[in-house]
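*Asks:* Next come the chains, spelled out residue by residue.
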Amino acid sequence: MRGEKQYSENRRQSTILFLIAAAVILAAVTVSGILLEERGMETDFSRTNLIPSVQYLFGTDWMGRDMLARTLAGLSLSIRIGLLTAVVSAGTALVLGTAAAVLGKKADAVISWCIDLVMGIPHILLVMLISIACGRGFAGVVAGVSLSHWPSLARVIRGEVLQLKSAPYILAAEKLGVSRFDIIRRHMAPHILPQFLTGMILLFPHAILHEASVTFLGFGLSSEQPAIGVILSESMRYLTTGKWWLALFPGLALVLTVILFAMLGERLRRLLDPASAHE
Amino acid sequence: MKLEARDVTFYYRGRKKAPVLEHFSISISSGERVGLKAPSGRGKTTLCRLLAGYERPAAGEVLLDGRQIRKYRGVCPVQMVWQHPETVADPLLTLGRTLNEAGAVEERLMDALHIEPGWLTRYPSELSGGELQRFCLARALHPAVRFLLCDEISAMLDLVTQAQIWNFLMEEAKERGLGLLVVSHDDALLEKVCTRVETMPWQT
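Protein chains in written order, with our numbering: chain H, 1 to 279; chain S, 1001 to 1204.
For reference, chain S alone in the conformation it holds in the complex (with noise of 0.2 Å):
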């Protein structure tokens, strides 16, 4: 499979003289793992969230195997892991049920992230980012998801869980073929992680 955006422009709204981007391009195959590296505020989390279906270009396609990201129902075979984990859970739902909603989630992940059954009785205030993180992990790997975008995803874990996830979401990977987007300031993340890493482009 492949994930690509074909010569896309984004703007916010209100903003159309301030292009987020503009005329970019870039695609994903299976299997493939790419880093995407970029100063502050050049839009990587804007294109995450392009590439995942949160937002429509200005002009310019997203497209997952030739069709539209957009038109793609139920769950989403693109799911973007938030640089903000705890505001990507309801703060009013245990995170059992915020887990469950899409479907049971596999013990063998649950086992992989270290996450304990106990937390899923809590609410999101009652649990750390690195643990959210990871419950956002395994939440996003659901079986149906083929791509995967994280967005700056260990940038507030200690190295060690960082080196956790990573190794877990590398053997991940290539067990089922996944295409990772991997956004992040960590050049030798990236050296280490991706199979190939791509430099936004952008106007000095």
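Isolated chain H (complex conformation) (with noise of 0.2 Å):
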């Protein structure tokens, strides 16, 4: 019963497994992160630039901060304004790109513009900008990372419903009067929801980078707020003396944090997509 073992083992399974193992690792460090909030800020001038250690284990600073409480509280900050503006911006992606598809050319026309618009303009330029009309901070990153993320979600999902729409299954429901509330939620919400959700999971690595480097470059959060973009900009001022404790591990955690964000929603996409899902 070789076969069978196979079969037992596959994608699907494994699939969910890592889906799993990766929201509680991510969850892990966003929970501990709040914790460690303020042992992040705990400054001790008995130990300050501490190699890497037992007891620190991503050594101290030029304060004497724990520069592993301060990762962690770095990502646990980067990881929830990454969520906040994923779903922020996934949430005008649909509206905007289903109205686009359903409310006429007219509508069609206007909103396809500003994806084009928005899309044209570089990422990073555009989140500084509006970062800083809206007073950086907290709330200035969040709106300019939502903001400048949504054009290509919108784009696919007004393709989808565009292309749903004129589907010939939909079409023949139409005409043996299925009411147009049971067509959208048996119909087209299944089509669309793998697409929105695969596309709303890959958005946060982007967020969250976008975020890093917004605050890296002094337009983002402010200085006195943990997160890995300060973390990143204030270590390089020490680089040079040669303590590479506090850039490496930093930034090694965000990549590592990224990557993580960027399998987990490749997976789901493999296994939510028709064209690969019974592989």
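These are calculated hints, taken from the structure and not from any lab test.
One or more of the hints may lead you astray.
Straight-line C-alpha distance at most 20 Å; calculated SDA-like pairs for lysine to any residue [what the hints assert, rightly or not]:
1) H:Lys165 to S:Arg1049
2) S:Lys1071 to H:Gly159
3) H:Lys165 to S:Val1197
4) S:Lys1002 to S:Gly1177
5) S:Lys1002 to S:Val1197
6) S:Lys1071 to H:Leu176
7) S:Lys1037 to S:Pro1143
8) H:Lys165 to S:Leu1092
9) S:Lys1071 to H:Ser179
10) S:Lys1002 to S:Gln1068
Assemble the dimeric complex from its two separately framed chains, guided by the hints.
*Replies:* Pasting the structure below:
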């Protein structure tokens, strides 16, 4: 019964295990970061500039702050901002994409023009400008990232809804007297949901990276907040004096988090996409 | 009842200079079985879509008993059976759910079309074209339906199934007084099934 055993360990199950593991890790980072936020701000000048050791795994900085606590707190903040912005941009994309497809030619022209406009401006520039306009800080970063990341998903959803609207099985259902609500619920939502969910999860890594970079450049979160971008930009000044751990570990942690989110989204896409779901 | 297209002109978006149909008229009464033939690309399917109310003519009217076909709400009395059945069933729903959307289908139809109950728990990709086509017929023969537009419905079927389907459809049409529009390239079939055969005009 070798064949059966191989069959039982299929990709669907391994993907679900991976999804659960990734979600648990990210949730743990988020929660521990919230709990460690106080500790990450604590200064102690008897333990400045310590190299990573068993007691301080990521070392300490020039003010004697525990870098592990600071990294976790920063990541946690990044993940929370990422979640918020991804949900806001995905929601915007869903509403605008559907509106473009449903409300007729003029609405479509206007919305498509907006999509092209926002897509035409480099992301980082747009995030910076909006963030400054909104007074920087948490609100500025959230506004900047969520207002600049919706166009590509909106375009995908617009295309999908347009295609569905003229799909023969939906036309036939209409002619058989199926109500509009039932058509949306039974025929449209199941086709759009996978696109929407994967789009939303794949927005996280973008959002987190842009949050960190705009903060790094000084247009985002204020410097007293333990954000990854703040940590990285501060540690730049100490890199030349040989304090490599200040930038290495937080940077690595950021990259790992982003990769984890990207893998999560990619696996989810393969699972939900009809073209590869049965591989 | 009478289904008619009156002086219909139709073109697809952006193709105003090359209308698919120009001042075309046709009428089908209940109990009639009208054959329609024309070479490929002359608008047979487009005509079916117009008659079933999927498209709006640019000029002229499509009327069922004097009322515009697109004004009918609920189950449309004119149903079209598509040439490609695999596009007419939602790939993400089991056939049972698709079939029961417009109310349960009569047991009699299921038997007559040899639709096995086991199919209803399957997805459209798990049936063959011929099986799906019979399924689509059963769905289109809703009790409220008065006219059935058959767009090349048997082109992909083997001869035995073709014969079965047409025998069944002819009986069903007689019994319920259905009007049929039969689109086909098969002259023998049209001669056998139809009460009259129309040819679409085309420019050479």
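*Asks:* None of the hints should be skipped; say for each whether it holds.
*Replies:* Status of each hint after checking the structure:
1. H:Lys165 to S:Arg1049: Measuring from Cα to Cα gives roughly 15 Å; hence the hint holds.
2. S:Lys1071 to H:Gly159: violated, 28 Å
3. H:Lys165 to S:Val1197: Answer violated: lysine 165 (chain H) to valine 1197 (chain S) is near 34 Å, above 20 Å.
4. S:Lys1002 to S:Gly1177: Distance of about 12 Å is within 20 Å: holds.
5. S:Lys1002 to S:Val1197: Status holds; Cα separation ~17 Å.
6. S:Lys1071 to H:Leu176: Holds, at roughly 14 Å.
7. S:Lys1037 to S:Pro1143: Violated, at roughly 28 Å.
8. H:Lys165 to S:Leu1092: Given that 20 Å is the threshold and the Cα spacing comes to 16 Å, the pair holds.
9. S:Lys1071 to H:Ser179: holds, 15 Å
10. S:Lys1002 to S:Gln1068: Distance ~12 Å between lysine 1002 (chain S) and glutamine 1068 (chain S) Cα, so the pair holds.
In the structure shown, a violation is registered for the earlier hints numbered 2, 3, 7, in ascending order.
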